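Asks: Read off the chains here:
There are 2 protein chains.
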Amino acid sequence: MRLAVPLENLIDQLIKLPTIGPKTAQRLALYILKLPEEESRQLAEAIITAREKVFPCSACGYLTDVDPCSICRDEKRDGSILCVAEEASDIIAIERTGFRGRYFVLNKDFHLMGDNRLEDLNLKPFVNKLASGEIKEVVLALNPDIDGEVMARFLTGIARQHDVKISRLAHGLPVGGDIEFADEITLRKALEGRKEL
Amino acid sequence: MRLAVPLENLIDQLIKLPTIGPKTAQRLALYILKLPEEESRQLAEAIITAREKVFPCSACGYLTDVDPCSICRDEKRDGSILCVAEEASDIIAIERTGFRGRYFVLNKDFHLMGDNRLEDLNLKPFVNKLASGEIKEVVLALNPDIDGEVMARFLTGIARQHDVKISRLAHGLPVGGDIEFADEITLRKALEGRKEL
Numbered sequence: 000m001r002l003a004v005p006l007e008n009l010i011d012q013l014i015k016l017p018t019i020g021p022k023t024a025q026r027l028a029l030y031i032l033k034l035p036e037e038e039s040r041q042l043a044e045a046i047i048t049a050r051e052k053v054f055p056c057s058a059c060g061y062l063t064d065v066d067p068c069s070i071c072r073d074e075k076r077d078g079s080i081l082c083v084a085e086e087a088s089d090i091i092a093i094e095r096t097g098f099r100g101r102y103f104v105l106n107k108d109f110h111l112m113g114d115n116r117l118e119d120l121n122l123k124p125f126v127n128k129l130a131s132g133e134i135k136e137v138v139l140a141l142n143p144d145i146d147g148e149v150m151a152r153f154l155t156g157i158a159r160q161h162d163v164k165i166s167r168l169a170h171g172l173p174v175g176g177d178i179e180f181a182d183e184i185t186l187r188k189a190l191e192g193r194k195e196l
Numbered sequence: 000m001r002l003a004v005p006l007e008n009l010i011d012q013l014i015k016l017p018t019i020g021p022k023t024a025q026r027l028a029l030y031i032l033k034l035p036e037e038e039s040r041q042l043a044e045a046i047i048t049a050r051e052k053v054f055p056c057s058a059c060g061y062l063t064d065v066d067p068c069s070i071c072r073d074e075k076r077d078g079s080i081l082c083v084a085e086e087a088s089d090i091i092a093i094e095r096t097g098f099r100g101r102y103f104v105l106n107k108d109f110h111l112m113g114d115n116r117l118e119d120l121n122l123k124p125f126v127n128k129l130a131s132g133e134i135k136e137v138v139l140a141l142n143p144d145i146d147g148e149v150m151a152r153f154l155t156g157i158a159r160q161h162d163v164k165i166s167r168l169a170h171g172l173p174v175g176g177d178i179e180f181a182d183e184i185t186l187r188k189a190l191e192g193r194k195e196l
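Chains as they are written, first to last, in numbering that gives the first Met the number 0: chain F, 0 to 196; chain Y, 0 to 196.
Hints listed in this document are in silico derivations from the structure and should not be mistaken for laboratory results.
Check the hints yourself; a few may be wrong.
Heads up, the list lumps identical chains together, so a pair's fine if it works in one copy or across two of them.
[Stated by the list, open to error] Each computed SDA-like pair below joins lysine to any residue, with the alpha-carbon atoms no more than 20 Å apart:
1. 194 <-> 11
2. 52 <-> 34
3. 22 <-> 85
4. 75 <-> 176
5. 75 <-> 191
6. 194 <-> 25
Computed from a predicted model, the values in this text were never measured in an experiment.
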C-alpha cells in the first residue's frame, strides 16, 4: 500500500538517523503529523539552526556556537592537563566525571580500516598546545578498540617530542559489570592493572 | 557543563518525540550536526511538509495528502466490509495482512480514563457509511484493552441500528508466542475461541 508521499518522505529521512529503524521512523513520523503545527516547526527549525550555528571550536575542536568555546574561555580550568578525545560526545561524557582540565577533540570518524588516514587529521592546534609549554600531561581518552590503539601510538609519537607525561584511560571491568561476562581481553587488562589495597 | 545553545535546543526538541530518551536525543543531535547541510535541511523540510500536507481523509480518516485518500479512490476494494480502527498506524498494519475492504479511522487518542469523551469523536462519516446500505459487515479492529472494550460497545450500539454483521478481531495467543508466558486473560480468550481441527 502507498502511504501519503510527504509521510513516506519523512519516514525515509528519519530512517537515515542512527538508532532509528523502520518501525520507529513510522512511529515518529505519525507522531510528528499529530503535533501542533507550531511544535513541528520548532523541531524543524532546531535542526536547521543547530546545523548552521554549531561548529568545532578552533582551539579545542569541541562543538560550540561561540569561538572559542565555553570550556576554552573558562579560566578556572587546569591548563596543565590536556585530554584528547575522538568526538565531542566523549567530552560530554568526560565532563560528567568532574574532570576540569582542557580538551582536544580529533573530530574525525577515523575508521582506520576504511579510507580515513591519520594524515587527514588537523593536529595543528594540538601541536601548538604542546609547543606552548603549558601542558604537563596528555591524557589519551581514546576508545578501547583497534582504531584507538593505532591513534594512541600515533599521538604518543607526536607528544613524545615535548616534555609531557602521556597517559591513557585505564582498561578494566566496568563498574557494576560482571566478571563472568567480561571478555578475556578486558579481564586480562583488569588483572594487569590490578591495584593493591 | 553547558552545551552550545542551539545543540541543547535541538536535544530538547528531540526528547519530546516518543521512544527518544536523553541519550538517544544527544546521539541524534550530534549526528545531525555532522550531516552535510543539504541533508539536515531535507530532514527539516520533510517534517514541515509532512505536517502541512498530510491530513485525515474526509471519507475514512486515513492519513493522506489527496482527498479522498488512495484507499477510498481504489475501486477494487470490497465496499461491503468496513474495518474500524483507532489510528492510521493500525491501518498500515492491517493492510499488510492483505485485507482489502474499506476503513474508518477514529483518529482520536481516546484514553477514556482521561479527558476524552466518546461524544467528541466525529462519527458522522461512519454513520453515513452505515446509512448508505453498502456495508454488510463492520469489523472492529480496536486494541484489546479497556478503552477498546468501551469503544467496541459504543460503536456496536450505533451499528446495531443498521442491518449489518458486527465482528471483532479474535483474541488469542500471538503467533510465535509462548503459552508459558501468556497472561491469563489472553489464555482464557484463546481457550474460549478454540477451533476444532
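Asks: Does each hint hold? Answer for all of them.
Replies: For each hint, the structure was consulted:
1. Taking the shortest Cα distances, residue 194 and residue 11 never come within 20 Å of each other, neither inside one copy (51 Å) nor across copies (42 Å).
2. In this assembly of identical chains, the alpha carbons of residue 52 and residue 34 lie at most 20 Å apart only when taken from different copies (13 Å versus 26 Å within one copy).
3. Within a single copy, residue 22 and residue 85 get their C-alpha atoms only as close as 31 Å, which misses the 20 Å cut-off; across copies the closest is 18 Å, which meets it.
4. In this assembly of identical chains, the alpha carbons of residue 75 and residue 176 never lie at most 20 Å apart, being 35 Å within a copy and 59 Å across copies at closest.
5. Taking the shortest Cα distances, residue 75 and residue 191 never come within 20 Å of each other, neither inside one copy (36 Å) nor across copies (72 Å).
6. Taking identical chains as interchangeable, the C-alpha atoms of residue 194 and residue 25 are never at most 20 Å apart, the minima being 50 Å within one chain and 35 Å between chains.
Hint compliance for this structure: hints 1, 4, 5 and 6 are not met, and every other hint is.
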